[in-house]
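S.K.: Position one of the sequence shown corresponds to residue 12 (the working numbering), numbered consecutively onward.
Hints listed in this document are in silico derivations from the structure and should not be mistaken for laboratory results.
Quick reminder that beta carbons are idealized off the backbone N, C-alpha and C, glycines included.
Quick list of simulated restraints, FRET-style, between CB atoms: (1) A73 to H37: 27 to 33 Å; (2) P75 to H36: 24 to 30 Å; (3) H36 to M60: 17 to 23 Å; (4) T48 to M12: 26 to 32 Å; (5) D74 to I24: 21 to 27 Å; (6) H90 to M60: 19 to 25 Å; (7) V13 to Y49: 29 to 35 Å; (8) A83 to E54: 25 to 31 Å.
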Amino acid sequence: MVNVLVTGGAGFIGSNFVRYALDRHHDWRVTTLDKLTYAGRLENLQGVMEHPRHEFVKGDVADPGVAAPLAAAADVIVHF
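Based on the sequences and whatever the hints tell you, model everything.
M.R.: Have a look at this one:
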């Protein structure tokens, strides 16, 4: 299983990438990290929040306490 970290994944473009990744890459486990400020909205991730290969983490990519362990566990990082 490939572990993919998507930062900014609750925005318009990021959420569409998350949806695409889960649909097209059945060997990917996707973690979405988003601070949920002006552009990031949970509504954008509707339909994938309960997906068995998806995890959502609310947090700031600039916070090393949140981002560092997620980045260390990732094989691939996609930043939006």
